[in-house]
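Enquirer: Protein chains in written order, with this note's numbering: chain P, 1 to 441; chain H, 1001 to 1112.
Hints are computed from structural coordinates only; laboratory data are not their basis.
Keep in mind the model is a prediction, meaning the values are calculated, not measured.
It is possible that part of the hints are untrue.
Label-pair restraints from in silico Cβ distances [as the list claims (entries may be wrong)]: (1) GLY93/P x VAL1053/H: 54 to 62 Å; (2) SER415/P x THR1104/H: 37 to 45 Å; (3) HIS412/P x ALA1049/H: 26 to 34 Å; (4) ALA1049/H x ASP236/P: 38 to 46 Å.
The beta-carbon is built from N, C-alpha and C at its ideal position, and this holds for glycine as well.
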Amino acid sequence: MKLDSGNTAWMMAATALVLLMTPGLAFFYGGMVRSKNVLAMLMQNFVCMGIVSVLWVIDLFSLAFGPDKLHGFIGNPATHVGLKTGTDLFVAGVPTAVIATFQITFAIITAALITGATADRLRFGPFVLFVSVWSVLVYAPIAHWVWGGGLLAQFHSVRDSTGAITKLGIEDFAGGTVVHINAGIAGLALTLVLGKRIGWPKERMRPHNVPYVMLGAGLLWFGWLGFNAGSELASDSTAGIALVNSVVATAAAMLTWLIVEKIRDGHSTGLGAASGLVAGLVAITPASGYVTPMGAIWIGAAAGAVCALAVAIKFKFGFDDSLDVVAVHLVGGILGALSIGFFGQDAVNSFGRDGLFYGGGLGQLGRQFVGVGVVLGYSFVVTFLIAKVIDITWGLRVSRDVELEGLDINLHAESAYDTGGAASHTSTSGTLASASEKVSS
Amino acid sequence: MKLITAIVKPFKLDDVKAALETFGVTGMTVSEANGYGRQRGHTEVYRGAEYEVDLVPKVRIEVLVDDDDAEDVIDVIVKSAQTGKIGDGKVWAVPVENVVRVRTGERGTSAL
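Bound conformation, chain H alone (with noise of 0.2 Å):
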């Protein structure tokens, strides 16, 4: 099993949402984060003075998935949640050890 953890342009999630359920993913986690990477931020102005913000908004989106589906789950979060201009975010794999589904106790593949 693997997480597939996606940070994406917070505009960009129902896409991502709409393409994974399409592709059929049954759940997932977001969460709001705030970060950069290479473009380094934005400027903003107020009353004439300059801020450079360089924490970004982003959504954090985790999904837990069977190791045969995982290529192609990256490939679909990466697909609905490209612009193609700076800040598009990241998408990365873990492996996972174990997943237990809390309400009746199963394990492994059989909890996603």
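So that you can see chain P by itself, here it is in the shape it has in the complex (with noise of 0.2 Å):
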């Protein structure tokens, strides 16, 4: 294999774009919470960019992207140790470097999309404490999985000699198993460990700022570009199918989402408008390398209704899922896996298989079945477990006071806004304390 300059140039291209991806998400959360929490939702979306980039290239890449051990429930820990020297090549003529550090991005981002369902009451140590373990525990493992030759294995499904399966051959172009269904439902065994916040349902939590969700919801519109087109693993046609699926599917999302909230509520909102996008962009994920460009608008369409209506579930179930990630994601990252059953040709990408729909039958659509059951039922144990060893030993939700008086001013010292008010103009709110005391003693 010889370095590939132009499948190199465009993975380093798209690992920028993941990256900008997690505080675009922050701001679509943080838009969404009160005035008070904002500071304390960025700093939980941030914080995963420090701690997962770091464990990643410790040895979490090893472990979703090694060799199998464990008959492929998790990759050599020896394998990529601190990336070793990161020049050999991994896939398509791109080094291991390359290709590690587009991972790093996609580690972050499904770690950061689990806070919109704790949003306003989660503590700050305990949460990074949380995701550490969890990058190791679930994150890696379902990656490995998935794409890294592991238990349900994209393309290759692999019987024993005894005719039983031993790798599944789901089929997941960019994550809609491992990032959206895991984090989806992490989400909410993380929401049921934590309980409720005060006063929900009952009161009134209105985004504070619905234009940073829709500046975040654009951000993550451009960085998903990367994210679906990236996981090609070069710049070739496929990854050009991806693309334009992730532009046409997220816009019938967008569409359909408006729709709905006209129909239902008498109005169609920028906070629809955001969310419907992101709800096309979780949909068309799995999907967006297996799937033609009118299939993508039917799956975009599809999605943007279905998770418009199923934020309705948080209600009718009683759990706080606080900026609805069980309902964007879990279940946009379920339709999305499904309808590559439905959807999914032969004729576009000769990886994939024909879906129900183009004469390929069932079998497809049986495989993507036990494939989200499978990550579901794993994550949401394993994340359920890791929350309640956190909780009971060191706590993770914030006391009653903080939680009223808010997050932003308890946990991290720092208000949001500066309104330019009459306290902005006086001494007495703005002397440096004990940093002046610092620097004359």
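Could you fit the two chains together into a complex? Lean on the hints.
Expert: This is the structure we're talking about:
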């Protein structure tokens, strides 16, 4: 294998695109919380970029992408410790360092997505511990199963000598199972451990800054083109299909979410446009390299409508999934992962199989069902256990007073907004107290 | 002397300010306020969940005037702030014991 400069250049650009998604997500979520908690939300997302990046280079990349250990449950941890030199080629003439960095950005945003379910009540330190443990015990194994050639093995289903399936052959182009179903169900598990916010659902907890939400959604869409088209790990025609699908499915989902709102609530909203486009991105993620652009429009349109209606689930069952990670990422992810079993076409991607609508029968749909079920079950149980142990030993939730007064001032000693009122002109509210003492002493 | 306080819809501030200037009022204080009257706020919808927003944004305009001008100034404000729809606001006047111009120390009507 020779270094391919075209593929390498695209993968480096795609890495930068995906990295920007997490700050985008931070603003998408940050605008939806109340103004007293916006910095805490931004910080939870940013600290994922800190902790996951370091862990990934130390050894998470080996666990996810090393050769099988434990019958395909996990990658060999000795494969890429510290990425060694990183100059060897991983796939398609692209250096290991580049692929590993591209994959860092996926691990970061998967952890960050969870924070939407737990807004307004999660402690910072225990959250950092949670993300560290969760990335090792949940993200790395699932990434290995699907993309690292493990149990669910994208593309190739494998049977042993007795005919039993040892590798499933799921299709997940860019992370419907690994990222969105995983983060969505993990968010639900964490919400169940944490409990409802004080006052939910009776009290008003409306978004404090819808323009932030829309700005964040725009950044997510921008970055997501690298997320999906980069997941081809090469600069070729399949990447091009993923690119167009990521635009058109997203557009269709935004429109159907707005239509549902218009019919149900009387108005199409800015928050609805932002939510709809994210739902479309989520749903097309696993299918982006397997379906035609027209297939993508159908998948996106279905996701926008279904996710808009799925927001009602949390009120019906009474769990406080604060920013609708379940409705958007879990429901959207499942819809997208299963849609491959209907809309997949071998003609689009030679590694893919025809779905039900193209004469492929129920085979791939069945494999998608099994794969989704395995990820749902594993992620829910292990996430719940990790959260429960941290909650009992350290405590995941802030005190009542902190929750009521706001997380920003209590957890981070900062406030998000100087509104230019009387207080910003008075010296009593702005004296440099402790720093000046340190300087003089 | 009277202190006239008007609570009006924010988008009517320019009209009221212009009308008061035309009448000859030389100064005013404007601040942002939140509140409700008989209209009891409004409803906002976020992802299908309805929120009753009872404290509606308004602006508060305060003007100090001579007793003789008080009724006319109230009329000017009411006329310029009126839309005829619910939530137009209120105007009231209270007697003022003394007014001092900080720069010169002038007192009473000469400080207006």
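Enquirer: Lying within 37 to 45 Å: is that true of the beta-carbon distance SER415/P to THR1104/H?
Expert: 39 Å, holds
Enquirer: Is the distance from the Cβ of HIS412/P to the Cβ of ALA1049/H consistent with 26 to 34 Å?
Expert: 28 Å, holds
Enquirer: Given the hint of 54 to 62 Å, check if GLY93/P and VAL1053/H actually sit that far apart at their C-beta atoms.
Expert: Once the Cβ atoms are compared, 58 Å apart, the range 54 to 62 Å for VAL1053/H and GLY93/P holds.
Enquirer: Take a look at whether the Cβ-Cβ distance between ALA1049/H and ASP236/P falls inside 38 to 46 Å.
Expert: Roughly 44 Å apart at Cβ, these two residues keep to the hinted range, so it holds.
Going down the numbered hints, you'll see the structure goes against none, and every one checks out.
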